[in-house]
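A.B. asks: Counting from 1, position 126 in the sequence shown corresponds to residue 126 in my numbering; the numbering is continuous, with no gaps.
Read the hints as simulated data drawn from the structure, not as lab findings. Fair warning: there could be bad hints in the mix.
Unchecked claim - Derived Cβ-Cβ restraints for the label pairs, each shown as a range: (1) 139 to 43: 34 to 44 Å; (2) 92 to 40: 43 to 53 Å; (3) 8 to 107: 35 to 45 Å; (4) 85 to 33: 26 to 36 Å; (5) 15 to 123: 12 to 22 Å; (6) 75 to 106: 13 to 23 Å.
No residue lacks a Cβ here, since even glycine has one placed at the ideal position from N, Cα and C.
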Amino acid sequence: MVYDVLFLAHIISAVVIVVVLVSMKLTASALVRQQGEKARLPRGRNWAARILHLLPLTGFATAWASHSQPEPISLNQLWITVGILTYLLAAALLEMIVLPAERDLMVDNTVVATAKKMSGGLDGVMTMIVVATLAMLLQFGSN
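Construct the complete structure from the given sequences, taking the supplied hints into account.
C.D. replies: Structure representation (structure tokens):
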């Protein structure tokens, strides 16, 4: 039961962050096309984007709870390592490139170069999410 709830929380976190990232990408793309009047940037800190940080928390919790399952998840499995590494890369891109660019755009949403920087960083974050998702689905290197 605990495993199921934690696994569901992990999946919901992943779906929510994809929706948030797609929304951010659409905003950045509108700003690149100089359609700033259609772009809506958050006021203050973008806490929705930080849902990304729930992925490893719910993932580790799910792995911990899986010890009651017939095939428990081991943190030394290759697909778990790929998931952790892709999270670290995605989090670095988000915190070091995307969110600072978004804060700059809140001040002046007409700066195309900043919107391109944000858009490119989001491409990287979303690529890491896709790689992690494939690793989780394929579970290569399982014992």
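A.B. asks: Against which earlier hints does the structure fall short, listed by number upward?
C.D. replies: 2 and 6
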